[in-house]
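Participant: Each chain is listed here by its residues.
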Amino acid sequence: MDLAQTYELWRQLMLDGEAQWWQTLFVRFYQAFLENDRWQQYLEGVGVTLLVTAMALAIGVALGVLVAVIRTAHDQQRPGRPRNPLLGLVNAVCQVYVTVIRGTPMMVQILIMGMVIFKSSRNFTVVGALTLGINSGAYVAEIIRGGLMSLDVGQSEAGRSLGLNYLDTMRFIVVPQAFKAILPSLGNEFIVLLKDTSMISIIGGQEMVYFARNIVNRTFDAMFPLLGAAVIYLILVLIFSWLQGKLERRLRQSDRR
Amino acid sequence: MIDVKHLSKSFGDNLVLDDISEHIYPGEKVVIIGPSGSGKSTFLRCLNLLETPTKGSITFQGQEITDPRCDIDKIRQQMGMVFQHFNLFPNMTIRRNITLAPVRTKLMSQGEADDTATALLKRVGLLEKADAYPAQLSGGQKQRIAIVRALAMKPKVMLFDEPTSALDPEMVGEVLEVMKELADEGMTMVVVTHEMGFAREVGTRVLFMDGGHILEQNEPHAFFANPREPRTIEFLSKVL
Numbered sequence: 001m002d003l004a005q006t007y008e009l010w011r012q013l014m015l016d017g018e019a020q021w022w023q024t025l026f027v028r029f030y031q032a033f034l035e036n037d038r039w040q041q042y043l044e045g046v047g048v049t050l051l052v053t054a055m056a057l058a059i060g061v062a063l064g065v066l067v068a069v070i071r072t073a074h075d076q077q078r079p080g081r082p083r084n085p086l087l088g089l090v091n092a093v094c095q096v097y098v099t100v101i102r103g104t105p106m107m108v109q110i111l112i113m114g115m116v117i118f119k120s121s122r123n124f125t126v127v128g129a130l131t132l133g134i135n136s137g138a139y140v141a142e143i144i145r146g147g148l149m150s151l152d153v154g155q156s157e158a159g160r161s162l163g164l165n166y167l168d169t170m171r172f173i174v175v176p177q178a179f180k181a182i183l184p185s186l187g188n189e190f191i192v193l194l195k196d197t198s199m200i201s202i203i204g205g206q207e208m209v210y211f212a213r214n215i216v217n218r219t220f221d222a223m224f225p226l227l228g229a230a231v232i233y234l235i236l237v238l239i240f241s242w243l244q245g246k247l248e249r250r251l252r253q254s255d256r257r
Numbered sequence: 258m259i260d261v262k263h264l265s266k267s268f269g270d271n272l273v274l275d276d277i278s279e280h281i282y283p284g285e286k287v288v289i290i291g292p293s294g295s296g297k298s299t300f301l302r303c304l305n306l307l308e309t310p311t312k313g314s315i316t317f318q319g320q321e322i323t324d325p326r327c328d329i330d331k332i333r334q335q336m337g338m339v340f341q342h343f344n345l346f347p348n349m350t351i352r353r354n355i356t357l358a359p360v361r362t363k364l365m366s367q368g369e370a371d372d373t374a375t376a377l378l379k380r381v382g383l384l385e386k387a388d389a390y391p392a393q394l395s396g397g398q399k400q401r402i403a404i405v406r407a408l409a410m411k412p413k414v415m416l417f418d419e420p421t422s423a424l425d426p427e428m429v430g431e432v433l434e435v436m437k438e439l440a441d442e443g444m445t446m447v448v449v450t451h452e453m454g455f456a457r458e459v460g461t462r463v464l465f466m467d468g469g470h471i472l473e474q475n476e477p478h479a480f481f482a483n484p485r486e487p488r489t490i491e492f493l494s495k496v497l
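Going down the list, the sequences are from chains G and F. Residue 257, in the working numbering, is where the first sequence stops; the numbers in between run on with no holes. Residue 497, in the working numbering, is where the second sequence stops; the numbers in between run on with no holes.
Honestly, the hints are just simulated from the structure, not real lab data. What you are looking at is a predicted structure, and each value in this text was computed from that prediction instead of being measured. Glycine included, each C-beta is placed from N, C-alpha and C at the ideal position. Errors might be hidden in some of the hints.
[Claimed, not checked] In silico DSBU-like cross-links for lysine-lysine, where the CA-CA straight-line distance does not exceed 30 Å:
1. F:Lys379 <-> F:Lys411
2. G:Lys246 <-> F:Lys386
3. F:Lys413 <-> F:Lys331
4. F:Lys262 <-> F:Lys413
5. F:Lys363 <-> F:Lys312
6. F:Lys437 <-> F:Lys411
7. G:Lys195 <-> G:Lys180
8. G:Lys180 <-> F:Lys363
9. F:Lys386 <-> G:Lys180
[Stated by the list, open to error] Just so you have them, the derived chain F footprint on chain G, three or more residues with Cβ under 8 Å:
10. 158-167
11. 174-188
Bound-form chain G, shown alone:
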């Protein structure tokens, strides 16, 4: 007797009110994942979730690095010399960006992007990814800025005293060390981003939660689809935490004594 037949049999028992609790559980599980090959929808959702995360991450890191470098360069101008007015203007823009993004809820940002700014767009998933990227950029910028500032100034002084220019000093000395220092926070931000992709379903972004809720609407049973989604997120996070740990151990190579 295969699963489909068992399902039919036990479902009948359930409708007649004669099923055992574990038979009911099986029926609900079957409806959530196996009926009409619904598991494929979860997989499709995972794919979109990962894709949106990757897009948002790329946008976030690009924006974050840009903002962090501008703000650090502005703050580290030599005192006593005339300040660069263009840098001052760009720095002000960056500050407004970080303040606004960090000061408003992600949910509101997604709704504004989906229903006001891009209200004629049908490509909800891309709009969602863009919103997440812009949001993440503000946090990544602060993480990177913290990393750049935490490094002993002696390191960049040593680089400059050898005659290396500003960019080479950043590239070979400051950035690699700052990156190692901020990797735990960056990994944390990545995990937050991965989970926050679930929010784009409110503007119709078709990721995992979107499909899970569709299934809930079909089967009138929320437990297994939502638990399933939760388990999948947990597994994804565990995989990325493990990868992050590996990378950290590799970067710590130079610390061994």
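Knowing the structure of chain G, use the given hints to seat chain F on it.
Facilitator: Just chain F, lined up with the frame of chain G:
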């Protein structure tokens, strides 16, 4: 070689260097001593513009380096600097610490830089550490590497900012030994230090700084035997 004219430096309202004029000649080993907060480190750091002077000018080999149009990176390539806290790059091996600057500034090819590093490391007895990371070295070894790293750029002058102040007492000797050898080879050196023995033995001129001024200077034997200023006498009575 280095000509300093009317150099002043203040941090906010705090005047650290007050109208200093001084000349450093090729081959000299100038030792700067003085109490903490006297401005000696700031003076040294002004010489390669790690600190930007508030007033005055500094000329290195005929080129005014305080001129904003001056390419300071080119000047710094000819001035080695050794720091109190070594400031080795912890993310690189010793060899790469040494070869990074010569290669990136196009002074040498990677091959030439590697050969230079090998020769210099051999000289300070640390060749077997070439592929180690700075965290694996003792303080004295780190400072010897820091000196070697500066020397790899083939500088015309070496600036030392309290090179032995952060070391365990038993490691001071090995660093001073390297500096003495360097002095014997004729390198122009400016050294901020609290090592009076080194000042006496290696220095060709001792500057005593206090309150942002150079209060007194002399050839070392005369300086330590017959200090003239009351402040110098007081300082020396405390440290000797």
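Participant: Decide, hint by hint, whether the structure agrees.
Facilitator: Evaluated hints:
For the given pair, F:Lys379 sits about 16 Å from F:Lys411 by alpha-carbon distance, which is consistent with the 30 Å threshold. Distance restraint check for G:Lys246 and F:Lys386: the Cα-Cα separation of roughly 27 Å lies within the 30 Å cut-off, and the hinted pair is therefore satisfied. With a C-alpha separation of about 12 Å, the suggested pairing of F:Lys413 with F:Lys331 holds against the 30 Å cut-off. Between F:Lys262 and F:Lys413, the direct Cα distance comes to roughly 20 Å. Compliance with the 30 Å bound is thereby established for this hinted pair.
The suggested pairing of F:Lys363 with F:Lys312 is violated, with an alpha-carbon distance near 33 Å, which exceeds 30 Å. Proposed proximity of F:Lys437 and F:Lys411 is supported: the alpha carbons are some 17 Å apart, at most 30 Å. Between G:Lys195 and G:Lys180, the direct Cα distance comes to roughly 24 Å. Compliance with the 30 Å bound is thereby established for this hinted pair. A distance of roughly 28 Å separates the Cα atoms of G:Lys180 and F:Lys363; the hinted pair therefore holds under the 30 Å criterion.
Using a Cα cut-off of 30 Å, the hinted pair F:Lys386 and G:Lys180 holds, with the two alpha carbons roughly 24 Å apart. Coverage of the region 158-167 of chain G by chain F holds in this model, with 8 residues showing a Cβ closer than 8 Å to a Cβ of that chain against a need of three. Chain F is given as covering the region 174-188 of chain G, and this holds because 3 residues of the stretch bring a CB closer than 8 Å to a CB of that chain, at least three being needed.
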